[in-house]
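Participant: Single-letter residue listing:
There are 4 protein chains.
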Amino acid sequence: MSTFGKSIEINLFGESHGKAIGIIINNLPAGLEIDQERIKDALTKRRPKGNISTPRQEKDPYEIVSGYFDKKTTGTPLTIIIPNSDTRSKDYNKYLLRPSHADYTSYVKYENSHDYRGSGHFSGRITAPIVILGAICSQILEKKGIYIGSHISSIKDEKDTEFNNIAINVETLKSLIYSDFPTINKSVENKYKDLILNAKNNKDSVGGTVETCVLGITPGYGDPFFESIESVLAHLLFSIPGIKGVEFGKGFDITNLFGSEANDSFILENKQIRTNTNHSGGIQGGISNGMPITFKTAIKPTASIGKPQKTVDLETMEETTMELIGRHDPCIVHRVIHVINAMTNYAVLEVITRKEGTKWIK
Amino acid sequence: MSTFGKSIEINLFGESHGKAIGIIINNLPAGLEIDQERIKDALTKRRPKGNISTPRQEKDPYEIVSGYFDKKTTGTPLTIIIPNSDTRSKDYNKYLLRPSHADYTSYVKYENSHDYRGSGHFSGRITAPIVILGAICSQILEKKGIYIGSHISSIKDEKDTEFNNIAINVETLKSLIYSDFPTINKSVENKYKDLILNAKNNKDSVGGTVETCVLGITPGYGDPFFESIESVLAHLLFSIPGIKGVEFGKGFDITNLFGSEANDSFILENKQIRTNTNHSGGIQGGISNGMPITFKTAIKPTASIGKPQKTVDLETMEETTMELIGRHDPCIVHRVIHVINAMTNYAVLEVITRKEGTKWIK
Amino acid sequence: MSTFGKSIEINLFGESHGKAIGIIINNLPAGLEIDQERIKDALTKRRPKGNISTPRQEKDPYEIVSGYFDKKTTGTPLTIIIPNSDTRSKDYNKYLLRPSHADYTSYVKYENSHDYRGSGHFSGRITAPIVILGAICSQILEKKGIYIGSHISSIKDEKDTEFNNIAINVETLKSLIYSDFPTINKSVENKYKDLILNAKNNKDSVGGTVETCVLGITPGYGDPFFESIESVLAHLLFSIPGIKGVEFGKGFDITNLFGSEANDSFILENKQIRTNTNHSGGIQGGISNGMPITFKTAIKPTASIGKPQKTVDLETMEETTMELIGRHDPCIVHRVIHVINAMTNYAVLEVITRKEGTKWIK
Amino acid sequence: MSTFGKSIEINLFGESHGKAIGIIINNLPAGLEIDQERIKDALTKRRPKGNISTPRQEKDPYEIVSGYFDKKTTGTPLTIIIPNSDTRSKDYNKYLLRPSHADYTSYVKYENSHDYRGSGHFSGRITAPIVILGAICSQILEKKGIYIGSHISSIKDEKDTEFNNIAINVETLKSLIYSDFPTINKSVENKYKDLILNAKNNKDSVGGTVETCVLGITPGYGDPFFESIESVLAHLLFSIPGIKGVEFGKGFDITNLFGSEANDSFILENKQIRTNTNHSGGIQGGISNGMPITFKTAIKPTASIGKPQKTVDLETMEETTMELIGRHDPCIVHRVIHVINAMTNYAVLEVITRKEGTKWIK
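Residue numbers (the numbering used here), protein chains in the order written: chain F, 30 to 391; chain S, 30 to 391; chain W, 30 to 391; chain Y, 30 to 391.
So that you can see chain F by itself, here it is in the shape it has in the complex (with noise of 0.2 angstroms):
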């Protein structure tokens, strides 16, 4: 079952090699008009490009097909279908498991009857639907001054300047949420690409994290328990593929500090209650405090790699030796980051619209 919202319901489905993909997303209020040029640039972005991606061409030519009328919604289920192309699956053998991909795992959960071409429904491509869902969300949020932006923060061992030691504003956000390769120090951006590509020639591939902001939510949204800000936005993020940890404000650091130290003690500023520090990532108690919400994501190396590995074949159920030729990306962080910029916004437009109703958006 690939749904998810309380509020927004959102309802994912379709394989990377299947007729097609797509999302139904419920309860939209009707008269919302939708600009579907940030849905295109939202897809461009996650598509592979450029001799850091793989060659698999993805246009992503979306249809909605239910749910919107004379240029806005409805208010019924809106419905969007990308179709698929361009797949190539005779490249797919099913007893042989790739490494850390979902083939054994899938083969086992579905009883082999799976659609295995492409890692099928396990297949990165199911984020596009997510990216447009995005681009829908985004587009809700920055008319009420919340704006949602991420950077790279790390390839590898190379580390990208922190949200904490730099003034975040909505401008700083913005540059952030138009980039394509979005790094706050824009000289790590080549040591990033240097990393990639020498991963690609070496048929291997790296990983990296992802630091995202949140500015502009007011205080109070969120809940204690189940639906904490925390709980809704961590669900969310690890049903991205290759994401292996989360972590708010300071995060595994903040073990490091005394509580002293750790503390986000309340100033006021301008007459508004506000904390001289921000460990907490802008939550306490699961519930925004006012500050910008921060939180960062592992994204772990492509297992896609040309090196060989060892592996079984689970049709002699011998162990072998495959070597994965072919089209595959040497780093997907530089696309994740779009996928989590997207299921931010609708984390973000979920928790609101769980306290506010769905009237809100519009």
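These are computed hints drawn from the structure, not numbers from a lab.
There may be inaccurate statements among the hints.
[As the list claims (entries may be wrong)] EDC-like mimics (lysine to aspartate or glutamate), calculated; alpha carbons at most 20 angstroms apart, straight line:
hint : chain 1 : residue 1 : chain 2 : residue 2
1    : F       : K300      : S       : D342
2    : Y       : K101      : F       : E140
3    : Y       : K203      : Y       : E191
4    : W       : K384      : W       : E38
5    : Y       : K232      : Y       : E352
6    : Y       : K188      : Y       : D282
7    : F       : K48       : Y       : E62
8    : S       : K384      : Y       : E92
9    : F       : K173      : W       : E348
10   : W       : K384      : F       : E38
11   : F       : K384      : W       : E385
12   : S       : K48       : W       : E385
13   : F       : K300      : S       : E298
14   : S       : K172      : S       : E385
15   : Y       : K300      : W       : E348
16   : F       : K173      : F       : E62
17   : F       : K339      : S       : E298
18   : F       : K48       : Y       : E92
19   : Y       : K101      : Y       : E38
20   : S       : K35       : Y       : D282
21   : S       : K123      : W       : D99
22   : Y       : K222      : Y       : D186
23   : S       : K388      : W       : E140
24   : S       : K300      : F       : E347
Go by the hints and put chains S, W and Y onto chain F.
Facilitator: Relative to the frame of chain F, chains S, W and Y by itself:
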């Protein structure tokens, strides 16, 4: 709404200084005997004690008020209540915001109508019913050969040995499960306690990390996307007060490896498919692969400290200084570890029964 | 799982002869004052009394154990408990199946581990917490001008005047809401009571129908398909023990009309759109049209009767005859009517807040 | 949100005159073969045909776009789409409210942004995907010996024989399931058709009732309160456009009986527990008792009629008269009966798998 679960739904309720706290557990099958000694043991472990804890007494004399008859579950909602006692409500000032507590966020969210006494519904005390839940779930899982144990992997900068450096087996886990203050390397215990006592003496606090292992889960549980094991576990772990980070397998450190290092090669072991490393933490594509599921959780230093702190008084809307006098924990890692175990037991049972149905339990 | 609701989630628990019964109400906004006199009145009305009821005493001294502080809701789960007393558990034989009770079905479903005493979780007694819920919801709705009242439209073959034959207004409804034994035509009350007493004297029972009216709901609430007002209301009404039929507007009788007779023509009344008839019962396409919402509910004769009945003894697996000795209601229509009102108040509040968010409540 | 289901979640989408309508079916197990002939047959039966239907052509050439591979389900979301064609969108005037249609309520709810063409998402056409769903569910159930069939129990004042007056067996049901225009007493078919044709000639319409029987369901399925079989079934039945009443077993007529007449005595039949009557309709305490589950549904006369009707023009806000010219059904009972069957098949599969898990399906 403090509700979770599709297969086994739970509903938490209560405030720290209200009449009672408790939990409803829905959908357990009828005819299940519950070993109440396990519940009592679990509550004892979570309870503050010794000189490294708050002197607040929490006796937790729970009562099963529905769904249990003739020493067996009846199949209808199982409701368990812990009446509150030993509360000193006068210790709390509604308007003097304790830094890094939920005082400010709950004030805003609930428009000044929250029960602020002892953090109300945000209190760590509300985790006692979760510990009861965990004690029930672990009985069920252990009968099926699934064991869940954790160790304190760090307190501030002191670190324990990690799971991936030892041979994990049921006996190792059992010794952690039955321990009050679980560490793998016994010699680290005193270092941890020294750090805690030192912080206490300085009216300060420390945090740490907990590493958890699920042993015995067979391949094929979990789902892609929104019902991935990582999503369900992270959702539940981040609902525990004080958690700031969750990472699976090698977690954030996996981003420092090349793909060829990070990938877990498949091997055959007694004709069974295994991986030669476990950087994925037992999960691929959101689904269990039969290896131990391992993850680490970051717990922030206790926010309640005796040292003077800057804050704001909401009544006067002026900045001021506060000293928290009274009974607080210099460290909660050795208490929260039991909540993490409980939550993980519940999460694993939930994931398994989503596939198998609750009939699996009996 | 005795759970319902997307906007305002409720969780029922308890058995007739267990320690307590109760309810959790989730998602009420903070700061709501609850008039507890309304709760007490509602419980009194549902309670058996007089010679037309069982002599079993149900004092229902409820207790709010969480989510309520300083005479206002706190915004966290509101838990209300009614301890059980005056139970005569010895009256019940687990294996002698009472006809048209849930004795056999619960025996099978719960594999002989159910709490069979007094019907356990199936007892009409579990509707007392629903009456409390209704008393809270009706306070909220009435402040917004929405009134919900019912009358006993029939007992066996005696019938009351129907809503569509009178001018319905707030005063009519209020007189029904405040009545213990609500009828539109007062002269029918004695006929009803005679039928009930007659059945009682014959160790028999009677059933009847209840007609309900929701007044003051504006157009535009509800949804097509699975969240239609009819779906939500029927779901909740059929969850009340003893209900065998639900019909909206003209209900089954509409099938005797031609379309030209059945259709509700639109007219203008003070520049407002109304319909000249209300055969649709105020709902079109699952959505309120601004006319009174009307529906009728069938309540079967009480299954517990003193007359000898044929049945099977599960212990001996032989056919036998049983006589139910003791305290049972010859009719429950005049008690269930208050549960129907309560459930309808909850249903209407749920439908409205699904659209408006729970902020609408305050 | 057009979503239902806890075990097998379904998501409906589409508008009558949009690009496509469709359904996602979540949680079917992998490896299930689907007999597509059953789907085609079911769509044919629902389709208008002959002189008693609208001449609108609905060819329903559906396409499975995800979750199906190598002629088997893959275990991931199964998405089925029916592209729209033969739409005459110009026939519709947004502001001229058709009486007893959802024109006014959807105008208000969606703030004038709904797709009004051919009733949009409110169209009976959206039930075609439900018929596909039903054809899949019935294949599964029939393999387990569970058969679901219905007959047209009345058209206006003409009535068919009822289930409780005949010996129901699998053969009886099968003949109804395979029939295009199912009646028990074949001689009533012409009376029904005469009534329909007569109404058609008068530019009028008629409604009727459908009686349904679920045969072969063993005891113990369902739940008390909110997951009672009645609640789940009524919820789903009332989501079908045009349904105004649902009653189980003897339904409203049970209120005319004394308890001693209404109660279903338990008897032994081949050492199996049965009841000698089935006034309860196979359900006690919300749970199946092993007897056939029977219920009746009221379908209102088609709202679209050719006769002149009074209404309001929203554009001018004046009362006026309208005549619906064009292609409408003088009766939809013989079409909706197939939707009722489909929905019941889904409801029963949902209820059973809530207890058994979806593994039961294979």
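Participant: Next, verify each hint and record whether it holds.
Facilitator: Hints versus structure:
| no. | hint | verdict |
| --- | --- | --- |
| 1 | F/K300 x S/D342 | holds (12 angstroms) |
| 2 | Y/K101 x F/E140 | holds (12 angstroms) |
| 3 | Y/K203 x Y/E191 | holds (16 angstroms) |
| 4 | W/K384 x W/E38 | holds (15 angstroms) |
| 5 | Y/K232 x Y/E352 | holds (10 angstroms) |
| 6 | Y/K188 x Y/D282 | holds (16 angstroms) |
| 7 | F/K48 x Y/E62 | holds (18 angstroms) |
| 8 | S/K384 x Y/E92 | violated (28 angstroms) |
| 9 | F/K173 x W/E348 | violated (71 angstroms) |
| 10 | W/K384 x F/E38 | holds (14 angstroms) |
| 11 | F/K384 x W/E385 | holds (10 angstroms) |
| 12 | S/K48 x W/E385 | violated (32 angstroms) |
| 13 | F/K300 x S/E298 | violated (66 angstroms) |
| 14 | S/K172 x S/E385 | holds (16 angstroms) |
| 15 | Y/K300 x W/E348 | holds (10 angstroms) |
| 16 | F/K173 x F/E62 | holds (15 angstroms) |
| 17 | F/K339 x S/E298 | holds (14 angstroms) |
| 18 | F/K48 x Y/E92 | holds (9 angstroms) |
| 19 | Y/K101 x Y/E38 | holds (19 angstroms) |
| 20 | S/K35 x Y/D282 | violated (38 angstroms) |
| 21 | S/K123 x W/D99 | holds (13 angstroms) |
| 22 | Y/K222 x Y/D186 | holds (13 angstroms) |
| 23 | S/K388 x W/E140 | holds (12 angstroms) |
| 24 | S/K300 x F/E347 | holds (9 angstroms) |
Hints 8, 9, 12, 13 and 20 from the earlier list are contradicted by this structure; the remaining hints agree with it.
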